[in-house]
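Enquirer: The chain contents come next:
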Amino acid sequence: MEHIPAPAIDFVSLAPALILSVFGMLVLFLDLFAGKNKNLLVFASLIGLVLAGVSAFAQSNLPVSSFGGAYIVDHLSVFFTLIFTFSSALTILLSIEYNPRNGIRAGEYYALILFCTVGMIVLSSATDLIMIFLGIEVVSICLYVLAGIKRDDVRSNEASLKYFLLGAFATGFLVYGMALLYGATGTTKLAGIADAIHSGQVNSDTILLLGSVLLIIGFGFKVASVPFHMWAPDVYEGSPSPVTAFMAVGPKAAALVAFYRVFATAIPEVGGSWDTLLMVVAVLTMVIGNLGAIVQTNIKRLLAYSSISHVGYLLIAIIARNSLGGSAIAFYMMAYAFMIFGTFGIVILLGEKDSENLEISNYAGLGVKQPAIALCMTIFMLSLGGMPPFAGFIAKFYILGAAVKEGYIILVVIAVLNSVVSLYYYLKIIVLMYMKESERELNLSITPITLAVVAIAVFGTIEMGLFPDPILQLTQQ
Amino acid sequence: MDGFVPLNHYLLLSATLFVIGVLGVLLRRNVIVVFMSVEIMLNAVNISLIAFDHYLNNSDGQVFSFMVMCVAAAEVSVGLAIIIAMFRNKPTVNLDEFNILKW
Amino acid sequence: MLNLACLVPIFPLIGSIINGFFGLRIGKNAVGKVACGSVALSFLTVLLMFASLLFTPAEERLFEQVLFTWMAAGDFAVEFGFQIDPLSMVMMLVVTGVGSLIHIYSIGYMHEEYSYYRYFAYLNLFMFSMLLQVKGNNFLIMLIGWEGVGVSSYFLIGYYFEKKSACDAGVKAFVVNRIGDFAFLLAIMYIFNIFGTIDFSDVMHMAPEKLIYDSEAVTIICLLLFIGATGKSAQIPLYTWLPDAMEGPTPVSALIHAATMVTAGVYMVVRCNVLFELAPLVMLTVAFIGGTTALMAATIGMTQYDIKRVLAYSTVSQIGYMFLACGVGAYTAAIFHLVTHAFFKACLFLGSGSVIHGIHGEQDMRKMGGLKKQLPITYMTFLISTFAIAGIFPLSGFFSKDEILYHALMDGNIILWGMGATGALLTAFYMFRLVFMTFWGESRVDPDVHPHESPKVMTMPLMILAGLATVGGLLGIPLVHGWHALHNWLEPVLHFDLASALEHSKHMLHANGEHAPSWGHLLVEPEHNVWVEVSLMLLSLGIAITGIVGAYYCYVKKPDLPGKFIKGQWGYDLVNNKYGIDELYDETVVKPTVVGSFFLWKTADQKGIDGGVNAVANTIGWFSKQARVFQSGFVRNYALFMVMGFLVLLILMF
Amino acid sequence: MFLTFLTFLPLIGAMGLAFIPKEKEGMIKQVAVAVAAADFLLSLQLYAGFDMSTHLMQFEYSIAWIPSFGVNYHVGIDGISLLLYIMTTFLTLICIIASWSVKKRVKEYMIAMLALSTGMLGVFISLDIFLFYVFWEFQLVPMYLLIGIWGGPRRIYAAVKFFLYTAVGSLLMLVAIIWMYFEVQQQTGVLTTDLMYITENLNIGLDAQKWLFMAFFLAFAIKVPMFPFHTWLPDAHVEAPTAGSVILAGVLLKMGTYGFLRFNLPLFPFASNVFMEYIAWMAIIGIVYGALVAMVQEDLKKLVAYSSVSHLGFVMLGIFAFNHYGLQGALLQNLNHGISTSALFLLVGMIYDRRHTRLISEFGGLAKIIPVYTICFMIVTLSSIGLPGTNGFVGEFLVLLGIFQADGMMAMVATSGVIFAACYMLWMFQRVMFLKLDNPKNENMEDMNCRELITIVPLIILIFWIGFYPKPFMKTFEPTVEHLMTRVSPDNFRPKKHNDEHHATAVDKHEESSSHSEKPKEKSHH
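Line by line, the protein sequences give chains A, B, C and D.
Its first residue numbered 1, the first sequence is counted upward by one per residue in my numbering.
Its first residue numbered 1, the second sequence is counted upward by one per residue in my numbering.
Its first residue numbered 1, the third sequence is counted upward by one per residue in my numbering.
Its first residue numbered 1, the fourth sequence is counted upward by one per residue in my numbering.
Errors might be hidden in some of the hints.
If you want a taste of the chain C side facing chain A, the calculated C-beta under 7 Å gives, among others [what the hints assert, rightly or not]:
{"id": "1", "residue": "G571"}
{"id": "2", "residue": "R628"}
{"id": "3", "residue": "F646"}
{"id": "4", "residue": "L649"}
{"id": "5", "residue": "L652"}
Below, computed lysine-lysine pairings styled on DSS-like, alpha-carbon distance capped at 25 Å [claimed, not checked]:
{"id": "6", "chain 1": "A", "residue 1": "K369", "chain 2": "D", "residue 2": "K104"}
{"id": "7", "chain 1": "A", "residue 1": "K369", "chain 2": "D", "residue 2": "K24"}
{"id": "8", "chain 1": "C", "residue 1": "K164", "chain 2": "D", "residue 2": "K368"}
{"id": "9", "chain 1": "D", "residue 1": "K29", "chain 2": "D", "residue 2": "K104"}
{"id": "10", "chain 1": "C", "residue 1": "K558", "chain 2": "C", "residue 2": "K367"}
{"id": "11", "chain 1": "A", "residue 1": "K405", "chain 2": "D", "residue 2": "K210"}
{"id": "12", "chain 1": "D", "residue 1": "K104", "chain 2": "A", "residue 2": "K428"}
{"id": "13", "chain 1": "A", "residue 1": "K428", "chain 2": "C", "residue 2": "K625"}
{"id": "14", "chain 1": "C", "residue 1": "K163", "chain 2": "D", "residue 2": "K436"}
{"id": "15", "chain 1": "C", "residue 1": "K33", "chain 2": "C", "residue 2": "K567"}
{"id": "16", "chain 1": "C", "residue 1": "K567", "chain 2": "C", "residue 2": "K557"}
Reference listing, derived: stretches of chain D covered by chain A, where coverage requires no fewer than 3 residues with Cβ under 8 Å from a Cβ of chain A [said to hold, decoys possible]:
{"id": "17", "segment": "63–74"}
{"id": "18", "segment": "136–142"}
{"id": "19", "segment": "153–161"}
{"id": "20", "segment": "165–176"}
{"id": "21", "segment": "179–192"}
In case anyone wonders, no lab produced these hints; they're calculated from the structure.
Note that the structure is predicted; figures quoted are calculated from it, not measured.
Where a beta carbon is used, it is the ideal one built from N, C-alpha and C, also for glycine.
Excised from the complex, chain A in its bound form (with noise of 0.2 Å):
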């Protein structure tokens, strides 16, 4: 009798994935002891990202692949798993004092975490559309809750349900674009996929590129890029503030990469098409992006506008397509992660007892009140603004150079005009930090853990900003 041949796994390669997994059913399984104190579950989570984050350098000759090809572990996968990991234990780090403070209890919440981690190493490694949906998927649902989790609080439930709804609507495009893709190339793999169109066995261009103008929608809606951003700001605004920081990163990191692999390794040759939509969505990410943020006064809802304005940025990488923006992409998204884990664990440190005080206002007068929390604020914010000799600033410098090197410069002109638009209003929070009087004094508890956190943030903004060179290294292999 006929034996069906079994795909060759690599669980090597696999033990993040895994590893969080498990770890991730394991503190689902000890919540029902925890009862309130739900340290053994941040300890649990954190040792499992620890271990998710070292085992992804276990596997020596890179890449392997698995699954028939269908999930790959190179240096880019092993660079964002650790950005994962990274930014999940932040997250964690964060909630520790921010959920019993804002009456989150459910100890799912850090299960939830892990799960999504999972997901986004599977997204990151993906290569081919079936896995890159289970992986996107995954991500989003374990979203969709975290959002919510806060169930008492009715932002949190409206973020929670826009978030859920449209992004069920965007996964239809998703989905429908890659129908249509395995429809015209007959695969989906993205190897197969690129073989296919290179080797011109496309049943039909009007499918193929009907398919990628709805994966632009899909990966466009996860990624937050105008005009699939508009989620963004209210869920932002609405969700817990350790997850709204941990969606600013990881999610949109993971997407990021897929939105790389399949638009730069699997439909390159019809980029001559494509990347002029990217183009303008990237434009259009870029503009609006930053003239949403002049005129927020939340300071959630100006990291979300803010957050849209870098992912036109990153797109800029993606129109690059080569292997240079690749790089661009994971060394700016780990600068991110610093300088957005740092934010808001300011943000947090500043929340009170009754309110978070997300007011900007409320920032006043606070370069006199807490000077080192004013200065560490005032380094994201020059940081973010891609000033030197910050991270933003080499994370900007590669973006940029990606671009160059292909020779969109009108491209990135605009970026740069951006970048000074943007300036403005990470100016206006420095300006308010030491140049106004505050109206209305703040109890703050300076609480260690979070401080922790922007202090590790504040560490790796400058030595991103000062010697880049390491990670620059792990990056560009």
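We have chain A; now place chains B, C and D onto it with these hints.
Expert: The following block gives chains B, C and D in isolation, referenced to the frame of chain A:
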């Protein structure tokens, strides 16, 4: 031979269904209905997946469509949970009443 | 001995620094001593140098002393050096000599002043720059002094800085001078452009080889130089600052605005005589500008009542004479008149100062009269100088002015002579009008003022200057060939071989393949005709006496006559308010500039450029306000946007 | 290494200050002064050890910084940067002394001051474009804080304007930098941002040169600031605290002119020659325009600010005269402006401290009550007018001489600036110092105190020193300028040298610009 339905018809069908789903999302106010429209979209996609699968006679399409199905199922459960959680705080299913978060 | 040259300007500088910074501490007495001492010292040094120069043979009377290289860029290098030759020696003698007298006089004149020290600091500073200017061995050092004197005169005019008129006068003086300096600067650059150096001796030496006679380059250079001179020496069109400059203390007017600074222009022209010789067109301009200025200033002088202003205009007019002389190539005559003028005009100013001092600051001649009894010494010295300026034999003015007129006729033409002669007539008239109104007739001084003769420290300089004004003429005894001491003295500086210059020009023109015009006629020297000269002397003497008699008739015999005569004469009014030149400048230059600047600032800068900048920012702000409207919060709108985006992309795609 | 030490010493000092409790203001000030003084005195070593005979970089130090980008930490100074560097340390010291009267948040103030100093010093020494850019942007922040925190009523507007205005220019420059970065990689295969290497090995076609030139030009022209890009300056100056204005005028503006000399001319000599005339005319417009607008200002600081526009017009003019005199003059004028204008701002700051107003109309007749101050103010005014014997004249004259070689017409218009300068400065001086003391508020103003004298007197000494004996300063420029001339002098760009087609267009346009400077060329060789 006769009785043979060309691929395009399937594609047309799925496209139509998809558009219907989209319109449903755009036009209906009731959360549940909107949610169902989304499901319609997904199933429309399934149709074309199967059609392609049959046409290209390799099994990827079927696998994919199964994936879509179970993911849809998962989404349904989560989605309904969210809607219920929300209904607790704000007893309505009218989508347009949920816009505290804007601008 | 000549190596002392560097000391000459140093003394006043030190004096000025001491007075400027410690003046208040060391007290008035010391200040006066320091100031006068420093100037006296440099005067002595100059005398020593003069002696040693005197005993060097005529052809070697050129001594250059280089202290250090001032600025150097590539092949452009300027030494900080001094040049001692007969010409600069004459100037130094005049400056330090008259200068020290006036310093001494000032001690008396200024002794009530609170900021006495400031006055002397400025005055010393002036001496310093003036000396730099006459001694500099290249144009830039000259420029240092040139602008230095400008600044010091700005300070001194604005000495009574609480009077607005004084301040304005100061600024006016400086700015008008700057206009001259602007031209001077350009001239210097042009000169460097052509010669590759700005060293006097080199330039003058190379000029005949490098410059074509009557060529564009040399004309422009000389024109620019001359404009610079007009600024400094208050000639048309830049003379308007000098009358206002009378706001300063009287000794200042005597030193700066009569004796030394204002004659700097003349000195410069004479210094560059070679260049000017090569630019006949400019020569003619110089002559005519000089003549016109002489005439016009004289006419204005007749109508003024402020004693110092009369003198100021007479100064303008006398300098006009000097330029007239330069214009016709009679440089000796120019310098000669410069020297004598320094004597008698300084004396006149100091005299007027003593008068003003005697009647407690009154300057209006209509409030004077009959002062000759109360101020005998002042009167005598004043009278002598007046005779001198009017050109009465044998006083110094007679010789110098007469020489100018002679050359105006011989080397120039009858028109120039006419101007000069008329000027002489008017000079005699208005000067004696001044004397008669001030010292003769019955007193119009208001009764509670009791005129008194000035202290010795003031009258002594008066007497010395009067003496000099008397005998100064001996420097240039006409008629007999070789007796003209000044002429012999300056010969090495002024020696210029036109013939060879023309030769060079011809060569250069031929080199450029152009045809040289015939310059033969330029080389015929008008022969020195003694009888013409004598007759001219008699004539001008006659003219002077006519003027005096006229003045006597109008202001002593029939004092009411002028009043009747001038009533309702538009001509008189025109002259009386100085041909409205000041107003003209105000309307055409000053006001438009200010209005224009306001326009530039308010409209062009703030509304235009800055407005544009802010407009960009505001536009962005406006857009961002619009952008947030789309974020309506309705899920279905968001979905709609997604679909629309999809459609747009489709359209773009296909 | 020594340079590195000098450059980062202030930053280290600033970090040190961070650990002093902010109550001990006296101690903080003393430490700050000590650091600045040490930095200044040590930086004099550079002059002592500087070899005036070569145009090569000196005190050079290079070490890999970001190998994967090919970015090096490469520093060094030559004739162009030496004096600017020393002046920076010098003015930092002066400013810190001058800011003794600062009451508000002294600690942060001093930290910002020292950090700023490091940023500026870094700009002048970095020989790696990337490094340069990092410093260039870095120094914006402390300056922004200085204006924004310790400034006047409209300080926030001014600060943000200053920051964004500069950012626009410098970010476009960044694009140009990246472009060259990859261009040089394509041409030579070496991935580097080392300025020296790029200058030597990069050869760019004219069209590209034009674009790059414009990008750099914008960045630097805004910084200088040249005529149409100057409007941030008056606001920044007016709102900034005294020390801020001093640094702004004394050093930050110089970074613009320095940029032209270090980047635009050597990197894009051809484009520079093509644009020469337009830029020269822009500079001339700036000279006259700045002077005229300055004449009618009511606010002392605004007046000085516009006078800066005028003075820096002279500097730019000198640079784009493209000959020896012009360049040397420009370099010297750079220093002069740093000295005179800084002194002016210090003096204005002093009466501001006493009266808390800068409106000219508020003053008048001060000469009677504060004689010493008056003397100092007079001297500085004169030097800013460019009176012979003061520093102002030497620089201006050389610049004018240089431009005269290039084009008499330009020289004539530019020289007219000398007249206007006299007008606005003296008029201002008269309205502030002279006339009747009719404003009772001024009656009991006390004269300069010892500390203020300490800040002013060195500047006054320099004014006369450069005025009468500029040699020690000018001879540092000589070889560098010589070298620069060999690179940019118009006669490098004869038609025969460029036979590719797109150059042909530039050549004829280029002819007249070169034909002017025939004379200096042939002269500078005999």
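Enquirer: Now tell me if each hint is right for this structure.
Expert: Status of each hint after checking the structure:
| no. | hint | in the structure |
| --- | --- | --- |
| 1 | G571 | violated (70 Å) |
| 2 | R628 | holds (6 Å) |
| 3 | F646 | holds (5 Å) |
| 4 | L649 | holds (5 Å) |
| 5 | L652 | holds (5 Å) |
| 6 | K369(A) / K104(D) | holds (14 Å) |
| 7 | K369(A) / K24(D) | holds (18 Å) |
| 8 | K164(C) / K368(D) | holds (14 Å) |
| 9 | K29(D) / K104(D) | holds (13 Å) |
| 10 | K558(C) / K367(C) | holds (18 Å) |
| 11 | K405(A) / K210(D) | holds (19 Å) |
| 12 | K104(D) / K428(A) | holds (21 Å) |
| 13 | K428(A) / K625(C) | holds (16 Å) |
| 14 | K163(C) / K436(D) | holds (7 Å) |
| 15 | K33(C) / K567(C) | violated (51 Å) |
| 16 | K567(C) / K557(C) | holds (19 Å) |
| 17 | 63–74 | holds (count 5) |
| 18 | 136–142 | holds (count 4) |
| 19 | 153–161 | holds (count 4) |
| 20 | 165–176 | holds (count 6) |
| 21 | 179–192 | holds (count 3) |
Checked against the numbered hints given earlier, this structure breaks hints 1, 15; the rest are met.
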